[in-house]
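> Spelled out from the first residue to the last, the chains are:
2 protein chains.
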Amino acid sequence: MKIAFLGPEGTFTEEAALAFVGQASLDATEKDLVGYPTISETIEAAAGGETDNAVVPIENSIEGSVNATLDALAFDAGDIAIERETVMPIRHALVVSPKADLAKIKTIVSIPQATAQCRRYLREHFPDVPIRAANSTAEAVEQAAKDPTMAAVGTKLAAELYGAIFAEVNIEDYADNQTRFVLLGRESSASTGDDKTSIVCFIHKDQPGALLSILQEFAYRGINLTKIQSRPTKKALGEYCFFIDLQGHKDDIGPAQALKCLDCKLRSVKILGSYPRAK
Amino acid sequence: MKIAFLGPEGTFTEEAALAFVGQASLDATEKDLVGYPTISETIEAAAGGETDNAVVPIENSIEGSVNATLDALAFDAGDIAIERETVMPIRHALVVSPKADLAKIKTIVSIPQATAQCRRYLREHFPDVPIRAANSTAEAVEQAAKDPTMAAVGTKLAAELYGAIFAEVNIEDYADNQTRFVLLGRESSASTGDDKTSIVCFIHKDQPGALLSILQEFAYRGINLTKIQSRPTKKALGEYCFFIDLQGHKDDIGPAQALKCLDCKLRSVKILGSYPRAK
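Going line by line, the protein sequences match chains P and X. So the first sequence is numbered by the numbering used here: it starts at 1 and just counts up by one. So the second sequence is numbered by the numbering used here: it starts at 1 and just counts up by one.
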């Protein structure tokens with residue numbers, strides 16, 4: 001049993017992977033987790049059979065959808081589907097070397113999403129300190145751990161891992177910062193009575209009113225949508241596909257009928273998976 | 001006349017700002033352009049009166065909406081509105097120091113969006129070379145210009161500016177890579193007969209079917225929508241507002257009526273601007 005996750009060690013995605021492993025049905029231990037450098041490589045690892053599963057972020061309550069994940073699922077993911085979801089609170093900490101002096105910090109480092117989520121705190125406490133980009137919060141923490149003139153926006157897990165300390169915790173601007181992670185794999189889960197289904201609808205070129213008619217199929221059957229997201233089809237500005245999360249399992253009677261009708265109307269409908277709804 | 005743009009010099013946004021300046025009605029020269037380090041600071045410069053206008057990217061044909069721009073317009077932009085739009089092709093080049101040897105490149109550097117857009121080229125030609133993040137394509141080019149073991153994904157404008165050369169041009173995975181930029185300011189433009197209007201709809205909490213009823217107002221009046229984008233309201237997962245671009249000017253009869261009806265139905269509708277449609 002091997003699970004790919006968006007690495008390196010100490011990212012929020014590793015925490016999510018550990019949460020999935022903690023769920024009884026997954027027969028894996030911490031040792032079976034393998035970090036990959038990018039979302040597309042993480043998903044490809046599972047799609048290509050190098051690992052059994054992949055864990056990636058799909059949506060954040062502040063930043064919105066994770067585009068790299070949506071695109072890989074819509075265009076490249078082969079026969080893997082979403083098996084499970086989990087929602088985790090995102091808490092950012094200001095992480096520094098044990099030798100650091102906060103008054104002498106010369107650089108703030110993290111991924112742009114994380115520094116964006118702490119904009120207010122950073123502006124107030126470090127108004128003139130330049131912000132540098134890193135590839136992951138964990139990489140940022142690793143850099144700050146080695147350089148006492150640097151402070152990283154990162155996780156507690158990463159701070160422990162790289163021998164750094166917290167100068168401040170919960171520095172995020174919005175308290176309700178949550179990220180939804182998904183476990184991808186090849187096992188389809190049966191209907192549990194409280195499921196969600198993720199789909200992507202590709203429409204014909206120049207099909208105005210397409211989204212309206214998609215929404216009507218669900219409204220007519222009283223099916224709740226929990227997410228709608230348009231994304232470019234990577235062809236030209238103004239050409240979109242629609243990512244939709246709906247309540248119910250694809251084999252439940254209502255969703256099954258709606259999906260059949262959409263399949264007749266649209267260019268194509270790809271089912272990204274049915275999975276138990278996270279509490 | 002001063003125009004803020006997302007800097008530093010040599011970014012695509014500066015190219016867009018120069019394109020806006022080139023349009024007859026803007027009375028500015030190259031000297032009036034001022035680069036700001038982030039999208040929110042660029043928009044705040046104009047909103048706070050430090051500059052007359054701001055130029056920022058709003059949507060890319062591959063990556064989708066530029067979230068920082070949408071959020072600033074929806075939540076922070078004060079009384080400035082979209083005055084103008086322009087669509088520019090995005091061409092990425094591999095930029096190196098004149099002293100570089102391509103076989104000895106040890107690091108690829110750029111903003112994550114740019115390296116993501118050249119994923120295939122980089123994987124083929126530099127399969128084992130680590131990718132490092134920068135704050136802008138221009139910053140990446142500046143670094144590569146100084147370090148012959150580094151290659152940047154950047155623009156021709158930046159390469160000229162920092163004394164670097166192109167090792168390869170047009171390395172993007174998708175040929176139809178375009179970005180839409182907007183000029184923000186305080187002058188509202190009158191209806192020209194071929195305009196677009198950008199709005200953001202805030203819905204009441206637990207208002208299922210809200211998007212359906214929004215779309216029906218436009219469909220009923222035969223108004224074409226050129227973009228729909230849901231964004232989190234920064235409160236909790238599953239709470240959205242909707243960014244919509246429609247054809248027509250807010251003072252044209254159809255759009256004016258639709259907007260009045262939406263204002264009665266929804267929590268609020270914010271008009272981000274009416275402006276001539278880019279060719």
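Among the hints, a few may not be true.
Same chains, same names: a pair is fine if it fits in one copy or spans any two.
[Stated by the list, open to error] Straight-line C-alpha distance at most 25 Å; calculated BS3-like pairs for lysine-lysine:
#1 LYS104 with LYS2
#2 LYS31 with LYS250
#3 LYS146 with LYS106
#4 LYS205 with LYS279
#5 LYS270 with LYS227
#6 LYS146 with LYS279
#7 LYS234 with LYS156
#8 LYS250 with LYS270
#9 LYS279 with LYS234
#10 LYS146 with LYS260
#11 LYS234 with LYS99
#12 LYS250 with LYS146
#13 LYS260 with LYS104
#14 LYS265 with LYS2
FYI, nobody ran anything at the bench for these hints, they're computed from the structure.
> Pop the pair LYS146 and LYS106 into one bin, within, between, both or neither, using alpha-carbon distances up to 25 Å.
Both: 14 Å inside a copy, 21 Å across copies.
> With identical chains, the pair LYS265 and LYS2 could be close in the same copy or across copies; at 25 Å between alpha carbons, which is it: within, between, both, or neither?
neither (39 Å within a copy, 50 Å between copies)
> Under a CA distance limit of 25 Å, which applies to LYS104 and LYS2: within one copy, between copies, both, or neither?
neither (43 Å within a copy, 35 Å between copies)
> Checking LYS146 and LYS279: alpha-carbon separation at most 25 Å within a copy, between copies, both or neither?
So LYS146 and LYS279 fail the 25 Å test inside a copy (39 Å) and across (52 Å) alike.
> What label fits LYS205 with LYS279 when the C-alpha limit is 25 Å: within, between, both, or neither?
Cα proximity of LYS205 and LYS279: across copies only (19 Å, versus 38 Å in one copy).
> If the cut is 25 Å between Cα atoms, do LYS250 and LYS270 qualify within a copy, between copies, both or neither?
So LYS250 and LYS270 pass the 25 Å test inside one copy only (12 Å; across, 37 Å).
> Between copies, within a copy, both or neither: which fits LYS260 and LYS104 at Cα up to 25 Å?
Close neither inside one copy (62 Å) nor across copies (54 Å); limit 25 Å.
> Could you place LYS279 and LYS234 in one of the four classes (within, between, both, neither) given a Cα distance threshold of 25 Å?
between (34 Å within a copy, 20 Å between copies)
> Is it within, between, both, or neither for LYS146 and LYS260, if the alpha carbons may be no more than 25 Å apart?
Intra 56 Å, inter 58 Å, cutoff 25 Å: neither.
> Pop the pair LYS234 and LYS99 into one bin, within, between, both or neither, using alpha-carbon distances up to 25 Å.
Cα proximity of LYS234 and LYS99: none, with 47 Å in one copy and 35 Å across.
> Up to 25 Å between alpha-carbons, please classify LYS234 paired with LYS156: within, between, both or neither.
between (37 Å within a copy, 23 Å between copies)
> At most 25 Å between CA atoms: does that hold for LYS31 and LYS250 within a copy, between copies, both, or neither?
Close neither inside one copy (34 Å) nor across copies (59 Å); limit 25 Å.
Checked against the numbered hints above, the structure breaks hints 1, 2, 6, 10, 11, 12, 13 and 14 and satisfies the rest.
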